[in-house]
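**Student:** The whole structure should be built from the sequences, with the hints applied where relevant.
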Amino acid sequence: MSVVTSGRYTFPNYTLVFFIFLQLGLHSVEGVWPLPQSITSSPERYPLNPQAFYFTYGSQSAAQEGCSVLDEAFKRYFSLVFPDYSSGYGFLRFSVDKPFTVQVSVGRDDCDSYPDEDSSEQYTLSVSAGQASLKAKTVWGALRGLETFSQLVYQEDFGSYYVNKTEIEDFPRFQFRGILLDTSRHYLPLQAILKTLDAMAFSKFNVFHWHIVDDPSFPYQSRTFPDLSAKGAFHPMTHIYTQSDVRRVISFARMRGIRVLPEFDSPGHTQSWGKGQSDLLTPCYSGSSPSGTFGPVNPILPSTYKFMATLFKEVSSVFPDSYIHLGGDEVNFSCWKSNPDVRAFMMKMGFGADFTKLEAYYMENIVNITVALNRTSIVWQDVFDYHERIPKDTVLHIWKGLPASYAAELSAITKAGHRVLLAAPWYINHISYGQDWRNYYTVQPLNFSGTEEQKKLVIGGEVCMWGEYVDATNLTPRLWPRASAAAERLWSNEKQTSDVDKAFPRLQDFRCKLLRRGIQAEPLFVGHCKHEYQGV
Amino acid sequence: MLKFVSLLLALSFCQGLQHNNIDDYVEAEPVFEASKHGSLWPLPQKVQISEVSLKLTSSSFRIVDAKASSAGPSCSLLQSAYRRYYEYMFGSAKKQWWSKNNRRSDPSDLSELQVWITSPDSECDGYPSVTSDESYELTVNQPVAVLKAPKVWGALHGLETFSQLVFEDEYGAKSINATIINDFPRFQHRGILLDSSRHFLPIKVILANLETMAMNKFNVFHWHIVDDQSFPYLSRTFPQLSEQGAYHPYTHVYTPADVKMVIEFARLRGIRVIPEFDTPGHTQSWGKGQKDLLTPCYSGSKPSGSFGPVNPILNTTYDFMAQFFTEISTVFPDGYVHLGGDEVDFTCWKSNPDIQKFMQQQHFGDDYRKLESFYIQKLLDIVTSTKKGYLIWQEVFDNGVKLKADTLIHVWKGNQEQYQNEMANVTASGYQTLLSTPWYLNRISYGQDWQGFYKADPQDFKGTDEQKKLVIGGEACLWGEYVDATNLTPRLWPRASAVAERLWSAKSVTDIGDAFNRLSLHRCRMVERGIPAEPLFSSYCPREYKGV
Numbered sequence: 001m002s003v004v005t006s007g008r009y010t011f012p013n014y015t016l017v018f019f020i021f022l023q024l025g026l027h028s029v030e031g032v033w034p035l036p037q038s039i040t041s042s043p044e045r046y047p048l049n050p051q052a053f054y055f056t057y058g059s060q061s062a063a064q065e066g067c068s069v070l071d072e073a074f075k076r077y078f079s080l081v082f083p084d085y086s087s088g089y090g091f092l093r094f095s096v097d098k099p100f101t102v103q104v105s106v107g108r109d110d111c112d113s114y115p116d117e118d119s120s121e122q123y124t125l126s127v128s129a130g131q132a133s134l135k136a137k138t139v140w141g142a143l144r145g146l147e148t149f150s151q152l153v154y155q156e157d158f159g160s161y162y163v164n165k166t167e168i169e170d171f172p173r174f175q176f177r178g179i180l181l182d183t184s185r186h187y188l189p190l191q192a193i194l195k196t197l198d199a200m201a202f203s204k205f206n207v208f209h210w211h212i213v214d215d216p217s218f219p220y221q222s223r224t225f226p227d228l229s230a231k232g233a234f235h236p237m238t239h240i241y242t243q244s245d246v247r248r249v250i251s252f253a254r255m256r257g258i259r260v261l262p263e264f265d266s267p268g269h270t271q272s273w274g275k276g277q278s279d280l281l282t283p284c285y286s287g288s289s290p291s292g293t294f295g296p297v298n299p300i301l302p303s304t305y306k307f308m309a310t311l312f313k314e315v316s317s318v319f320p321d322s323y324i325h326l327g328g329d330e331v332n333f334s335c336w337k338s339n340p341d342v343r344a345f346m347m348k349m350g351f352g353a354d355f356t357k358l359e360a361y362y363m364e365n366i367v368n369i370t371v372a373l374n375r376t377s378i379v380w381q382d383v384f385d386y387h388e389r390i391p392k393d394t395v396l397h398i399w400k401g402l403p404a405s406y407a408a409e410l411s412a413i414t415k416a417g418h419r420v421l422l423a424a425p426w427y428i429n430h431i432s433y434g435q436d437w438r439n440y441y442t443v444q445p446l447n448f449s450g451t452e453e454q455k456k457l458v459i460g461g462e463v464c465m466w467g468e469y470v471d472a473t474n475l476t477p478r479l480w481p482r483a484s485a486a487a488e489r490l491w492s493n494e495k496q497t498s499d500v501d502k503a504f505p506r507l508q509d510f511r512c513k514l515l516r517r518g519i520q521a522e523p524l525f526v527g528h529c530k531h532e533y534q535g536v
Numbered sequence: 001m002l003k004f005v006s007l008l009l010a011l012s013f014c015q016g017l018q019h020n021n022i023d024d025y026v027e028a029e030p031v032f033e034a035s036k037h038g039s040l041w042p043l044p045q046k047v048q049i050s051e052v053s054l055k056l057t058s059s060s061f062r063i064v065d066a067k068a069s070s071a072g073p074s075c076s077l078l079q080s081a082y083r084r085y086y087e088y089m090f091g092s093a094k095k096q097w098w099s100k101n102n103r104r105s106d107p108s109d110l111s112e113l114q115v116w117i118t119s120p121d122s123e124c125d126g127y128p129s130v131t132s133d134e135s136y137e138l139t140v141n142q143p144v145a146v147l148k149a150p151k152v153w154g155a156l157h158g159l160e161t162f163s164q165l166v167f168e169d170e171y172g173a174k175s176i177n178a179t180i181i182n183d184f185p186r187f188q189h190r191g192i193l194l195d196s197s198r199h200f201l202p203i204k205v206i207l208a209n210l211e212t213m214a215m216n217k218f219n220v221f222h223w224h225i226v227d228d229q230s231f232p233y234l235s236r237t238f239p240q241l242s243e244q245g246a247y248h249p250y251t252h253v254y255t256p257a258d259v260k261m262v263i264e265f266a267r268l269r270g271i272r273v274i275p276e277f278d279t280p281g282h283t284q285s286w287g288k289g290q291k292d293l294l295t296p297c298y299s300g301s302k303p304s305g306s307f308g309p310v311n312p313i314l315n316t317t318y319d320f321m322a323q324f325f326t327e328i329s330t331v332f333p334d335g336y337v338h339l340g341g342d343e344v345d346f347t348c349w350k351s352n353p354d355i356q357k358f359m360q361q362q363h364f365g366d367d368y369r370k371l372e373s374f375y376i377q378k379l380l381d382i383v384t385s386t387k388k389g390y391l392i393w394q395e396v397f398d399n400g401v402k403l404k405a406d407t408l409i410h411v412w413k414g415n416q417e418q419y420q421n422e423m424a425n426v427t428a429s430g431y432q433t434l435l436s437t438p439w440y441l442n443r444i445s446y447g448q449d450w451q452g453f454y455k456a457d458p459q460d461f462k463g464t465d466e467q468k469k470l471v472i473g474g475e476a477c478l479w480g481e482y483v484d485a486t487n488l489t490p491r492l493w494p495r496a497s498a499v500a501e502r503l504w505s506a507k508s509v510t511d512i513g514d515a516f517n518r519l520s521l522h523r524c525r526m527v528e529r530g531i532p533a534e535p536l537f538s539s540y541c542p543r544e545y546k547g548v
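Sequences listed follow chains A and B, in order.
Using full-length UniProt numbering, the first residue of the first sequence is number 1, and each one after it goes up by one.
Using full-length UniProt numbering, the first residue of the second sequence is number 1, and each one after it goes up by one.
For the record, the hints were derived by calculation from the structure and aren't laboratory data.
Just to be clear, a hint being listed does not mean it is correct.
In the SDA-like style, the derived pairs of lysine to any residue whose C-alpha atoms are separated by at most 20 angstroms in a straight line are [what the hints assert, rightly or not]:
| # | chain 1 | residue 1 | chain 2 | residue 2 |
| --- | --- | --- | --- | --- |
| 1 | B | Lys546 | A | Thr238 |
| 2 | B | Lys546 | A | Met237 |
| 3 | B | Lys546 | A | Ala412 |
| 4 | A | Lys400 | A | Ala412 |
Stretch by stretch, here's where chain B covers chain A in the computed footprint (C-beta under 8 angstroms, at least three residues) [said to hold, decoys possible]:
| # | segment |
| --- | --- |
| 5 | 228-242 |
| 6 | 271-285 |
| 7 | 417-426 |
Facing chain A, according to a computed beta carbon distance under 7 angstroms, are these residues of chain B, among others [unchecked claim]:
| # | residue |
| --- | --- |
| 8 | Val205 |
| 9 | Ala208 |
| 10 | Thr489 |
| 11 | Glu534 |
| 12 | Tyr540 |
| 13 | Glu544 |
Think of the CB as a built atom: it goes at the ideal place given N, C-alpha and C, for glycine as much as any other residue.
**Tutor:** Laid out in structure tokens, this is it:
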């Protein structure tokens with residue numbers, strides 16, 4: 001349509017697909033989202049009765065009863081498999097139902113550990129008469145398998161539950177499948193974060209990238225520097241994350257096999273830091289006197305690095321993940337340029353007038369701090385663009401541009417031997433009219449020029465929900481099911497999932513499952529779910 | 001002036017595009033500053049706020065009927081509004097109990113708000129209409145505040161305004177500044193369209209939005225209740241329409257009791273409910289429960305099995321419509337029904353040999369617009385006989401259908417220039433009109449698109465003063481292709497609030513910066529009242545949305 005407002009309604013071609021889907025019926029086993037690597041199923045099906053349904057540990061399993069991650073998961077997935085049962089829907093006793101057992105076996109007792117970059121998420125699931133056998137190397141793989149099993153179960157109109165005979169072998173295509181939430185531009189109440197973690201597990205996401213602070217506010221309550229949130233949060237009591245809040249998020253995420261990657265972005269994006277930490281930011285000058293405003297972190301003072309070392313020491317003790325995101329994006333040089341002390345430092349260091357060198361100098365120092373803490377750094381692509389002398393194991397995070405330019409960036413960064421994470425095509429805070437999930441779905445993360453070795457350096461991708469226009473009021477429907485499109489791209493085999501029209505009915509079905517689970521996922525197009533969202 | 005407005009719109013559009021493709025951070029950040037009008041939204045016609053601030057305490061403050069008021073304790077519309085606004089200002093009864101136990105013994109500076117309905121007929125038990133008087137005067141001073149309104153409809157708006165004047169100081173105490181307000185709407189028809197056909201909207205969602213409409217002084221709920229995709233209206237005369245045509249015959253329908261509840265809930269908030277039963281196009285779902293209503297399409301010389309618009313050549317069609325609209329006229333008390341009439345696709349009619357024959361008999365030649373007019377005219381006669389007025393989408397006017405003089409033409413098409421020309425043409429022909437084109441809120445984009453909605457003015461077109469007077473208002477439309485209960489409320493609010501101010505406040509109220517400041521606070525107030533209204537930009541509310 002040439003003029004945006006020329007039609008009262010739009011009738012794109014998807015209508016057709018939708019009606020076909022209705023005629024086929026819903027109980028296709030391909031209803032698993034994201035699509036497993038290998039799945040075969042037969043029409044043979046088995047009834048499930050919640051009163052004769054059990055999760056058990058296999059006798060050979062390294063983890064047994066008492067394994068916190070799996071014990072909790074069994075409770076969770078029981079309610080997810082039988083959504084009516086826990087809500088007290090009238091279930092009469094079926095006298096002759098055979099029991100059904102899901103037997104879980106893992107190769108390693110990692111019940112008390114945290115998921116990390118090397119954790120295997122592979123699993124096999126075999127559903128047959130009276131039982132399902134779920135085998136995985138780690139508890140994290142077992143969690144993915146439980147999710148898959150829960151999606152295989154369906155309910156008929158009269159309330160009975162069934163599962164079809166099925167064989168699945170599954171593992172993720174990429175090890176890093178993340179979602180970024182921004183709690184600085186708007187404060188997100190803890191409930192909103194926990195709900196997101198829940199929904200992430202349903203789409204097999206495994207990294208929560210917590211962009212916890214930025215210019216507008218500093219809600220992280222630091223043990224070492226309490227003034228940062230006391231003065232830099234929107235409100236020092238109601239708009240902060242206390243240490244126990246953070247612990248809750250980390251433990252809630254761990255139970256779902258999700259890593260929590262904190263980002264403390266500097267030297268730019270730090271206006272809120274300056275409120276609680278004097279002399280941290282660069283005083284900007286107007287002519288020969290300070291203007292009263294502040295710029296990026298002041299890179300010329302030893303006190304800056306002392307502060308950062310202390311802060312990151314705390315961060316590394318609070319957040320168990322082996323990665324820390326250091327930001328490093330969008331540094332505006334005008335304030336540095338205006339400041340005579342910074343200029344003098346530039347002279348002394350022989351940087352000339354090239355402020356990217358000053359930025360690089362700063363980032364090197366910060367990266368070294370995290371290296372000393374035995375953490376891997378992730379930085380936004382800007383750091384690479386300005387400066388190639390960063391430690392080899394630093395991960396670069398691509399966020400800029402259209403496919404052509406991010407493909408070039410992927411090429412360049414992997415050629416330099418760095419690992420890389422792709423976010424550019426998944427800036428999901430950018431909304432537009434219509435089915436934009438199709439764009440997220442059809443991304444080809446490895447479609448850039450490079451060797452096989454280079455391709456292996458792409459560790460995954462991330463969906464970013466920046467917070468300018470997002471808070472607890474609209475986060476969930478804006479994130480789901482749009483993020484689920486990216487989830488399948490990051491988990492599943494690209495060849496098997498290249499047809500976006502085939503994905504459409506499956507994603508419609510999956511979004512109804514999300515609704516059934518209380519996740520306020522918005523519709524893809526016209527239609528309905530059996531159980532509509534009941535909130536407001 | 002006109003040029004200037006379009007330039008501004010163009011500028012903001014370019015900016016929007018940039019954000020979509022580049023990055024997140026290059027934003028000219030709006031800076032929040034307190035407005036001298038606090039959080040008032042939409043801005044009243046005349047406001048004087050003094051520096052004198054008066055305390056209100058929940059334990060002693062009351063909203064009462066003034067002695068001389070023509071509405072007394074038997075006016076349940078007002079009594080329930082008093083309680084509603086008391087709770088908005090002081091929290092629910094549960095919270096009250098707390099504050100009673102912890103109360104400080106400060107007396108209120110302001111002990112009561114007296115509500116005085118001045119006209120002998122308060123209209124307490126009536127329905128609001130297009131001619132309802134919605135004006136009110138509010139005087140806040142020690143020791144009592146007085147809200148004077150000729151009718152209950154004005155009083156409802158005045159209560160909302162009063163509640164917007166109340167603020168919380170740093171210690172959590174409620175205060176209000178001495179104030180004089182004289183207020184009335186610029187336009188009589190200020191509507192929101194919701195579409196319950198493309199997605200079914202549970203009653204709860206509709207009620208929550210009526211509640212929010214009242215907070216924004218909207219007064220028309222345009223219920224686009226059925227369309228191609230589904231027919232959720234449960235008709236007593238033709239129950240098979242929803243049995244066959246709804247997404248689900250029990251869980252995805254509006255029963256007569258549901259409809260009644262919506263109408264009464266709306267009435268108590270001064271909101272009219274105008275149902276739309278769009279024909280002859282947009283009727284696929286009707287065909288499932290009503291045989292022979294739709295035109296069979298032909299492929300060559302045989303029926304193809306698919307159906308087109310309503311069949312205009314059969315008498316049975318008009319018998320059906322007469323019965324159906326008789327029911328509608330009794331179920332919906334409003335004086336108007338929306339008859340649709342948009343986007344009729346002629347290809348099916350063209351394919352059908354019986355229709356071709358009929359065209360010949362009627363000497364319509366190949367002009368299928370004449371057939372459309374034939375249908376619409378018969379329909380208008382039917383609806384006229386039920387003593388209802390009607391609204392129709394602009395195509396019906398564009399196609400030259402003969403219309404009653406009091407027909408409302410609903411403009412929805414085109415770009416700015418096109419809709420302004422249409423407004424000029426419609427009013428030049430002497431018809432009253434209603435604008436929606438710039439307010440298709442289902443069309444989303446990145447950034448602060450509310451500013452574009454705010455800048456559109458329904459009277460900006462070339463025409464005489466007489467023509468301008470024929471513009472009775474506008475409607476924000478939230479079509480349902482991509483909207484259901486999961487995302488409706490944050491998508492609608494506070495974007496629709498921008499439209500609300502354009503339709504209520506004086507034409508001269510156009511300061512975007514001041515609007516941003518007031519609207520930011522207004523949206524936090526909606527959030528505090530439990531409505532998930534989305535943010536305008538990076539910011540916070542003292543009480544964030546808790547309904548996650």
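**Student:** So, for every hint listed, does it hold in this structure?
**Tutor:** Verification of the hints:
For the proposed pair B:Lys546 and A:Thr238, the alpha carbon gap of about 12 angstroms is at most 20 angstroms, so the pair holds. Between B:Lys546 and A:Met237 the alpha-carbon distance is near 16 angstroms, which keeps this suggested pair within the 20 angstroms criterion. Distance restraint check for B:Lys546 and A:Ala412: the Cα-Cα separation of roughly 45 angstroms exceeds the 20 angstroms cut-off, and the hinted pair is therefore not satisfied. Between A:Lys400 and A:Ala412 the CA atoms are separated by roughly 14 angstroms; this keeps the pair inside 20 angstroms, and the hint holds.
With 4 residues having a beta carbon nearer than 8 angstroms to a beta carbon of chain B, the segment 228-242 of chain A meets the requirement of three or more and the stated coverage holds. Check result for the segment 271-285 of chain A against chain B: violated, 0 residues qualifying (beta carbon to beta carbon below 8 angstroms, three or more required). Here's how the segment 417-426 of chain A fares: 0 of its residues keep a CB closer than 8 angstroms to some CB of chain B, so the rule of at least three is not met and the hint is violated. At a threshold of 7 angstroms, the smallest CB-CB gap from B:Val205 to chain A is about 6 angstroms, leaving the interface hint in force.
Proximity of B:Ala208 to chain A holds as hinted, the smallest CB-CB distance being about 4 angstroms (cut-off 7 angstroms). This hint holds: B:Thr489 has a C-beta 6 angstroms from the nearest C-beta of chain A, less than the 7 angstroms allowed. Below 7 angstroms, beta-carbon pairs count as interface contacts, and B:Glu534 has one with chain A at about 4 angstroms; its hint therefore holds. With a least beta-carbon distance of about 4 angstroms to chain A, the hint placing B:Tyr540 at the interface is held under the 7 angstroms criterion.
A cut of 7 angstroms between beta carbons decides the hint on B:Glu544: the least distance to chain A is about 6 angstroms, and the hint holds.
Comparing the model with each earlier hint shows violations of hints 3, 6, 7; every other hint is respected.
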